[in-house]
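**Q** Sequence:
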Amino acid sequence: MSFFDAMILGIVQGLTEFLPVSSSGHLVILENLLNIRTDTDVLFHVLLHFGTLIAICLVFKNDLFRMLVETIHIFQDLTANFKIYIDNKMHSAQTTPYRKILCNNYRTMVAMILISTIPTGILGYLLQNLVDRCSSSLSVTGLGLLITAVVLLVVDNWQLGNKLPKHITVPQALAIGVCQGISVIPGISRSGITIIAGFLCGFRRGFAIRYSYLVSIPAILGAMILECGKLESKSVTWSLGFSYTAGMLTAAVVGYFSIRFMLAFIKKKKLRIFSIYCFIMGILAIVCYFV
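Quick note: the sequence shown uses our numbering, first residue 1, plus one each step.
A hint or two may mislead.
Stated by the list, open to error - When the alpha-carbon atoms are kept at most 27 Å apart in a straight line, the in silico DSSO-like pairs for lysine-lysine are as follows:
1. K269 - K163
2. K166 - K100
3. K163 - K270
4. K61 - K269
5. K163 - K267
6. K270 - K166
7. K61 - K163
8. K268 - K61
Hint data in this document are derived by calculation from the structure and do not stem from the laboratory.
Taking the hints into account, I'd like the entire structure generated from these sequences.
**A** Right under this line is the structure:
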């Protein structure tokens with residue numbers, strides 16, 4: 001893989017990971033068009049994921065810090081409630097009230113993201129072999145992009161709700177997790193399908209995209225772990241390592257601005273333009289498959 005190839009793929013990953021157009025689908029198309037094949041491609045994909053993870057952490061650093069603090073407080077309150085339970089059992093006349101666990105938006109977000117991660121992880125594991133077999137298939141990628149296009153077009157006209165973090169329910173969190181799990185199929189946009197799932201659950205537009213990006217953090221970490229398991233002890237030259245690092249940093253920088261763009265765009269604009277784009281790319285992928 002050349003330095004130019006790594007930079008191009010880094011730009012594509014940073015752009016398409018956070019736009020509802022399927023990053024995996026675009027990487028498949030580009031890798032086929034550029035004929036990129038190396039013994040260490042898996043390592044490069046891990047680094048691309050790490051780059052996009054850096055972008056999310058930079059944009060949502062304040063939210064993530066608050067969520068980390070509230071996670072610590074959740075464990076403290078759970079421990080306190082366990083002690084209260086023991087005390088109440090030992091002293092039947094004493095009924096000390098329990099502490100409320102999900103007492104603010106950040107605690108609710110932490111809990112719901114963890115719940116969403118469960119079906120995502122299960123589906124990601126179950127579909128792993130299928131995804132490995134079709135990971136470079138232009139036909140599967142094209143079909144996935146067409147499905148993404150149809151879903152974006154149909155649901156974008158849905159009557160939007162006004163729900164905030166405190167309104168999320170467990171079934172809604174599970175449903176979003178299922179949608180995210182399905183998005184491991186090339187061509188199915190992870191951000192697109194989870195944003196749309198948020199719309200269907202009645203989330204406010206800004207909150208739907210915010211939740212979509214935050215819930216991707218454990219999913220990206222999981223994908224990195226799975227891909228690390230496929231790494232082989234192949235030597236990486238200095239030039240290749242430099243190219244990979246450049247691709248990762250490019251994905252991080254481009255991803256940062258992509259998130260900023262989407263956070264502003266989705267509050268006022270429809271997703272129809274992304275639907276049209278996915279339709280065009282889906283047709284292109286299928287045509288390239290048969291040519």
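**Q** Give me the numbers of the hints this structure contradicts, sorted from smallest to largest.
**A** none
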